[in-house]
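Protein chains in written order, with our numbering: chain W, 1 to 114; chain D, 1001 to 1112.
Simulated from the structure, these hints should not be mistaken for laboratory data. A couple of the hints might just be wrong.
[What the hints assert, rightly or not] Result set (BS3-like, lysine-lysine): computed pairs, CA atoms no more than 30 Å apart in a straight line:
#1 D/K1058 x D/K1069
#2 D/K1069 x W/K44
#3 D/K1099 x W/K41
#4 W/K51 x D/K1049
#5 W/K44 x D/K1107
#6 D/K1099 x D/K1069
#7 D/K1099 x W/K44
#8 W/K15 x W/K54
#9 D/K1049 x W/K41
#10 D/K1107 x W/K41
#11 W/K41 x D/K1069
#12 W/K41 x W/K54
#13 D/K1069 x D/K1049
#14 W/K44 x D/K1058
#15 W/K41 x W/K78
#16 W/K15 x W/K78
#17 D/K1099 x W/K51
#18 W/K41 x D/K1058
#19 D/K1049 x W/K54
#20 D/K1049 x W/K44
#21 W/K78 x W/K51
#22 W/K44 x W/K54
#23 W/K54 x D/K1099
#24 W/K78 x D/K1099
[To be verified] A few chain D residues that don't get close to chain W, going by computed Cβ distances all over 12 Å:
#25 R1022
#26 L1056
#27 N1061
#28 E1064
#29 S1073
#30 H1075
#31 V1110
[Claimed, not checked] Which stretches of chain W does chain D cover? Using the computed rule of at least three CB atoms under 8 Å from a CB of chain D, they are:
#32 33-42
#33 45-56
#34 102-113
Given the structure is predicted, the values throughout are model-derived calculations rather than measurements. Where a beta carbon is used, it is the ideal one built from N, C-alpha and C, also for glycine.
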Amino acid sequence: EAGVTQFPSHSVIEKGQTVTLRCDPISGHDNLYWYRRVMGKEIKFLLHFVKESKQDESGMPNNRFLAERTGGTYSTLKVQPAELEDSGVYFCASSQDTAASPLHFGNGTRLTVT
Amino acid sequence: AQSVTQLDSQVPVFEEAPVELRCNYSSSVSVYLFWYVQYPNQGLQLLLKYLSGSTLVKGINGFEAEFNKSQTSFHLRKPSVHISDTAEYFCAVIGGYQKVTFGIGTKLQVIP
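Chain W with its partners taken away, still in its complex shape:
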């Protein structure tokens, strides 16, 4: 089966610009997660979709971040306007519908805001 794919792999933008990250989960996985790792720090939870619904968005830093998952398939994470502190690696993960299902991660998008 195809794994979780993320696009782009790298993005360099200037402060104030907009960036949209995309994640395609494994087919059939209802759960989709976004995580972020700022350099040298832990991987932090951003939000969790179950199909097209936001199950938990408690980790979203502020209203400059907008995540969508139309139709319950792929997801996008938009940052508008980007700030310097948004730099980091954004990981997407998906899992099946049991509580103990492991996460399957994409390779991440490395975002650099200059």
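Given the coordinates of chain W, work out where chain D should sit on it, guided by the hints.
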């Protein structure tokens, strides 16, 4: 609330030597525990998981971990490391509904 502590940010070890990467967790509910590995420029891959049953779990690439409830630990071990094991290792816990909390990561550097 739940948290994960990985006590060592970096662990250098000679090739063919044993290694232990430490992980402690805290949670107010029962948990599932995982170790993930990230090789350079790749995403995280599942090494092993503890859900229930035997406290000693075996994973891929010769790794194993032992769940110790009284010490709230889930240390990762390998009896003999290879150069290819050089990577960053993350301990993770699921407590509440599928919300995964990660540790800060431990970089394992295998020295030839």
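Taking each numbered hint in turn, which are not upheld by the structure, reported in ascending numerical order? none
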